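As a plain string of letters, each chain reads:
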Amino acid sequence: MIVSSPLLQVADLVTRFGAVTAVDNVSFDIRPGEIFGLVGESGCGKSATCRSLIRLFGGASAEIAGGSILFQGSDLAQLDSRAMEDVRGNRIAMIFQDPMTALNPTMRIGEQIAEGVRRHRGLKGEAARREVITLLESVGVTSAASRLAAYPHEFSGGMRQRVLIAIALACRPRLLIADEPTTALDVTIQDQILKLILRLRDETGLAVLMVTHDLGVVAQTCDRVAVMYAGRIVERGDTRQIFSRPAHPYTRALLDALPAHTGRGTRLKPLGGEPPDLSAPPPGCRFHPRCDFATAVCRAAEPSLQPIETGHDTACLRAGELGL
Amino acid sequence: MSWVSAETQERFRRNLSLQVGLAMLVALALLILLAPLFTHLDTSEVNFDRALLPPSGNNWFGTDDLGRDVFARVVAAAGIDLQIAVICVFVPFVIGSAVGLVSGYVGGMTDVMLMRIVDVLWAFPFYVLVIAIVGSLGPSLLNMYMAFTLVAWISFARIVRGEVLLVKRMEYVQAAQVLGYSQARIILRHVLPNVIAPAIVFMMADVVLTILAVTALGFLGLGIQPPTPEWGVMISEGRNFIVDGWWGSLFPGLAIVYVGVTFAFLGDGLDDFLRPKQ
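Sequence lines, in order, name chains F and D. Be aware that the first sequence starts at 373, since it is given in the numbering used here, and climbs by one per residue. Be aware that the second sequence starts at 9, since it is given in the numbering used here, and climbs by one per residue.
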């Protein structure tokens, strides 16, 4: 494995939505050209984490209450809003979950991409138009030139997601945040979009933060992955390590619920219970009410991320003895 | 028509309300513009020998108590009433939409302050406020424009603000923020086009309401002053002779109905035509 200095270093990030701490002491780093997965159930804080990186919370009143987000030498948690505007779209781009609502319905496709090309690359007129066509072709939209005048409603879901990726790439970002990019798409289109993201990574050295609840997506794309539960990272490591030697009971439970991972003839094991209420999280290990292995100590002491092998950390007090 | 996409043309072809409304509006506009060709009669020429003549080949809508040709006056009043209605609706439309955009998009204290102003104005009955303003400033065209502008923008502000609150949560607005576009650009290019349609549709309904209000003011003597032809004034004057000369009030009344129907069709048609495609 090539170890280069990280592109993005998130350390002890805390983000609060009012009284709710949605992101609690989250740390991870992403290297150039790496696809890093952030996995967890709905409401575990994975979307809140990537919203924190670009400091846009979609109108909700949220604030970064602690930690640092080092990106290309500056701390995004400290930048003023003007400097932040320059980072957004320019060096960090984002694609959204629902391609049906992420495009402006009253603006032509070509114009929506050209807007970014003009804003961030300073291209004008015919040069901008040519760049738009190149971008559309690079994301696999065929006969791009004839589609520039189309409106979003004339495109299918998969094509719209391609257009969104083209818009994100218009400014040649170093980091692409993909917030559940395939969740709203059907399976065959999902596969095409993931392959597209992989190819773009290979061709341009783009780093990707892949946020998903789908372990299948992680297995197909991610180099490393962090598993989140109730606002915290409970396990972090290479994708292969996580899948073959999960060290946290929550990760184990997620894998046991995955058809492709359990052997043929084995029953799938659903994970019982509900994620905790983040305004009043349980004491000790936050997973203990749903954990098959919880003991008295899990109910009292808060576990922190500890290495169990090179590049593989877990936040389980009993990680050493369980042998999951 | 190559600058209009085939789909837009098709949408227009299937939109009967819009076609009828536009046709009626064009007919009215032609009538106003070409009026001198239709009628050789003066709108203010008084001739007591010809007072209260019923409709005939010479005076299509008859003559009023002063012997003036009602048809010529109805057509001349159309130009004036439409002009007043359009100005009294368009200016509040622009102001109200701008306030609604800012209020909805910026939110917070700005939103609270602006909407409380709207609430206060909303609490007054429309006519009472207009009559109070015109009554205290004195009846003149300019004062009427001012009164309507002061009162009518609140509807547009509310409509647009409500739409903005909806649209600003859409992912494409968030996407534009993520792309680092300026606030002005996001408001004008990504929010405005997606929120303005209901305000435009309401504008059509508001034209009808405004014409009624203008004629009501005329009727009460607070609007256009005689002898300028104006529908409300004409109905008011004709009412004294309603038994002997019903045509003096009926035809201006029908003209108001015609304009009302025209803009109702336009509003209905535009509602379909402008609805965002998904």
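Simulated from the structure, these hints should not be mistaken for lab results. Please read all numbers here as calculations on a predicted model, not as lab measurements. Even glycine gets a Cβ: it sits at the ideal position worked out from N, Cα and C. Be aware that a few hints might be false.
[Unchecked claim] These stretches of chain F come out as covered by chain D in the derived footprint (C-beta under 8 Å, 3 or more residues):
hint	stretch
1	416-430
2	448-459
3	482-494
4	620-628
Status of the hints after comparison with the structure:
1. 416-430: With 3 residues close enough to chain D, the hint holds.
2. 448-459: holds (count 3)
3. 482-494: holds (count 4)
4. 620-628: Violated, because only 0 residues of the stretch 620-628 of chain F bring their Cβ atoms closer than 8 Å to Cβ atoms of chain D.
The structure fails hint 4 only (numbered hints given earlier).
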